[in-house]
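Colleague: Below are the chains, spelled out letter by letter.
2 protein chains.
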Amino acid sequence: MRAKLGIIAGGGDLPVKLLDACRRQGRPAFVIGLTGSAEPRPEDGVADAWASIGSVGKILGLLRDAGCTGVVMAGNVRRPDFATLRLDWKGIKVIPRIVAAARHGDDHLLRSLVTIFEEEGFKVVGADQILDDLLMPAGPLGRYDLPPALMPDLERGIIIVRALGAVDVGQGAVVAGGDAVAVEAAEGTDRMLARAAELRAGWTVRDGLLVKLPKPNQEKRVDLPTIGVATVEGAAAAGLAGIAVAAGATLVLDRDALVARADALGLFVVGIRR
Amino acid sequence: MRAKLGIIAGGGDLPVKLLDACRRQGRPAFVIGLTGSAEPRPEDGVADAWASIGSVGKILGLLRDAGCTGVVMAGNVRRPDFATLRLDWKGIKVIPRIVAAARHGDDHLLRSLVTIFEEEGFKVVGADQILDDLLMPAGPLGRYDLPPALMPDLERGIIIVRALGAVDVGQGAVVAGGDAVAVEAAEGTDRMLARAAELRAGWTVRDGLLVKLPKPNQEKRVDLPTIGVATVEGAAAAGLAGIAVAAGATLVLDRDALVARADALGLFVVGIRR
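Chains as they are written, first to last, in the numbering used here: chain S, -10 to 263; chain G, -10 to 263.
Just chain S, with the same shape it has in the complex:
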C-alpha cells in the first residue's frame, strides 16, 4: 500500500485528473476542496472534505486524520483578501508569515505555504510527479511548428516573460510584430488572451504568439505554467499563430484534446529549451 496523498484542490480540471491518476496507480488519496476556488460540480463529487483557505488548522487536521503523508496543491487558487479572510487558530498563527511573504509576490506566498506544510511533517510533491505524462516535451506537440518568421517575436516574448518573472509578476505575454500586446499578472492567461483578442479585433492574418515560461526561481511543485484546450482556443481567438512554452517545465492538461484542437485551428504549440 502506497503512502496516502492529500490533494488540496483549487479550481479547474487538474485536481480531478490527479485523483484519477492516483486511482489508476492504486495510490490512496484524500481530496480537500478549497471553498471559493474549487467549483463543486455534481459530476465530480471528488472532494472528501471542504475547507476555506484561512482554516489552516482544519486543513492540517483533515490531512492528519486521513493519514496523508504527502500533499499536492493543484488547481487555480485566487489570492485571498487578507483583510477579510476568516482564520482558525492555526491560520492566525501562520498568517503573519504568509502576508509578509505575499508582499514580495505570489511565488514567495506559495513558498511560504510549502514551508508550512513541510514544517508540519508533510512531503510536498508536484502534480507532475503524480501525472508523469503531464510535462511538456521539447518540440512541436501537434502538426504545426513555430515558423522561422516568428523567431523575433519568440525572442522578444522570452525577454519580456523573463523580466516579468524576475520581479515575480506573471508567466505569460502575447507578442505580435514586436509589440507587447498583453502581459500577464493576477488576471491569468485566459483573461490576458481575451484582452489580446479585443485589442487585435479585426486581425486578418494569424500572427504573433503566446509565450509562457516559469519564473526564474519558481517553486516548481506548486505553480508550474499550465496550458490546456482553453489556452489554445484563447490564442486562436486572439489571432495568434501559436503558443511557445518551456519544455520540461509546463503542465499540459488534456493533451490529446489540446493537440486535436490546435491541429484543427492551425496553431502551433511548441516546447522550447532555454
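Simulated from the structure, these hints should not be mistaken for laboratory data. Watch out, some of these pointers could steer you wrong.
Heads up, the list lumps identical chains together, so a pair's fine if it works in one copy or across two of them.
Said to hold, decoys possible - Keeping only pairs whose Cα atoms sit at most 25 Å apart, straight-line, the calculated SDA-like set for lysine to any residue is:
#1 82 <-> 141
#2 -7 <-> 194
#3 82 <-> 124
#4 47 <-> 14
#5 209 <-> 109
#6 6 <-> 112
#7 112 <-> 237
#8 6 <-> 126
#9 209 <-> 250
#10 112 <-> 24
#11 209 <-> 148
#12 82 <-> 196
Given the structure of chain S, go ahead and fit chain G onto it with the hints provided.
Modeller: Using the frame of chain S, we list chain G on its own:
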C-alpha cells in the same frame, strides 16, 4: 512672430490643450489630425488637415506647406496594423525602418518617427515644452499624501514598472498588498485600471496604488507617462488608495479638475523623485 508649430494630433485632450496654449502664447500652429486616432469632435474643430498614419509624405508636405519648423506629436495613437496599412510614396520609403524598429517595442518605434522628422529638417519638441505647467511636481498634488503603510507597495511597483520599462513594454502597474494586480502593455492605463477594478471587485478598504513611470531610456519628447481625471476615477473604481508618478517626467492633464476629483474621492496623487 514665433516659429510655426505643427501639432500631429492623436486622441484625447492633449492636442486641443496644446493649441490653446499656442494661441495664448501668440504662437502660430497647424494641426494635423491622425485619421482613426484623433476623434473629430464638432466642439473642437481644431484640425487644419487630416492624414492617415501611413501617409508620411502627405504629413511632411502639409507641415512644409504650412511653414512649420517645429513639430509636436501629442495624444494617443494606436499602433497600426502594418500588414494592412495604406502607405503613400514616402510611407513606402520609410516603413521598413519603422517596422524594424517596432519589432523592438513602442519606444524604438517612436524614436524612429522622431528621427524621420528630424532628417526632414523639423525640430521635434515635447508637449511639456509648450505647456510648461504640464509636468508633475514632486510631492502630493492635492490634499492627500502617500501613507507610510503603502511604501512597500510603492517600492514593489517601482521595481515592477522599471522591469517592464527595461524591456520596453509598459509604463504602469497596479500593486496592492504586494500583489501585482495588473501590469500595463498595449491596452493602456485606463483599461488596466478597469481590469484591476474587476479583479478587486468587492474591495472594502482602499488599498494599494497605481505606479506610472517613464521607461529608463524613454524618448521623452513623444511618450511621457500621462495622467488625467480619468486616471483618478479609474484608480478610485479599482479601490486603490492613490497614484504615484515620476516628478518632472509625467504629463498632468487638467490639473485643477484632477486635484478636485482626487480630493473628493480621497485619493493621493504624488510625484516621486527616483
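Colleague: Are the hints correct? Go through all of them and say.
Modeller: Here is how each hint holds up against the structure:
In the homo-oligomer, the alpha carbons of residue 82 and residue 141 lie at most 25 Å apart only across protomers (23 Å), although the nearest pairing inside one protomer, at 49 Å, exceeds that limit. In this assembly of identical chains, the alpha carbons of residue -7 and residue 194 never lie at most 25 Å apart, being 51 Å within a copy and 42 Å across copies at closest. When the C-alpha separation of residue 82 and residue 124 is checked against a cutoff of 25 Å, the pair qualifies neither within a copy, at 36 Å, nor between copies, at 48 Å. Proximity of residue 47 to residue 14 under the C-alpha cut-off of 25 Å is found in neither arrangement, the shortest distances being 28 Å within a copy and 71 Å between copies.
For a Cα distance limit of 25 Å, the shortest separation of residue 209 from residue 109 inside one copy, 20 Å, qualifies, whereas the shortest one across copies, 54 Å, does not. In this assembly of identical chains, the alpha carbons of residue 6 and residue 112 lie at most 25 Å apart only when taken from the same copy (20 Å versus 63 Å across copies). With identical chains, the CA atoms of residue 112 and residue 237 are at most 25 Å apart within one copy only, with a shortest distance of 22 Å there and 53 Å across copies. For the homomeric pair residue 6 and residue 126, the shortest alpha-carbon distance inside one copy (19 Å) is at most 25 Å, but the shortest distance between copies (56 Å) is not.
For the identical chains of this complex, residue 209 and residue 250 are neighbours neither inside a copy (27 Å) nor across copies (45 Å), given an alpha-carbon limit of 25 Å. Taking the shortest Cα distances, residue 112 and residue 24 sit within 25 Å of each other inside one copy (23 Å), while across copies they are farther apart (61 Å). Proximity of residue 209 and residue 148 under a CA criterion of 25 Å is satisfied in both settings, with 20 Å inside one chain copy and 24 Å between copies. Only between protomers do residue 82 and residue 196 lie at most 25 Å apart by alpha-carbon distance; the minimum there is 24 Å, versus 51 Å within a single protomer.
Checked against the numbered hints above, the structure breaks hints 2, 3, 4 and 9 and satisfies the rest.
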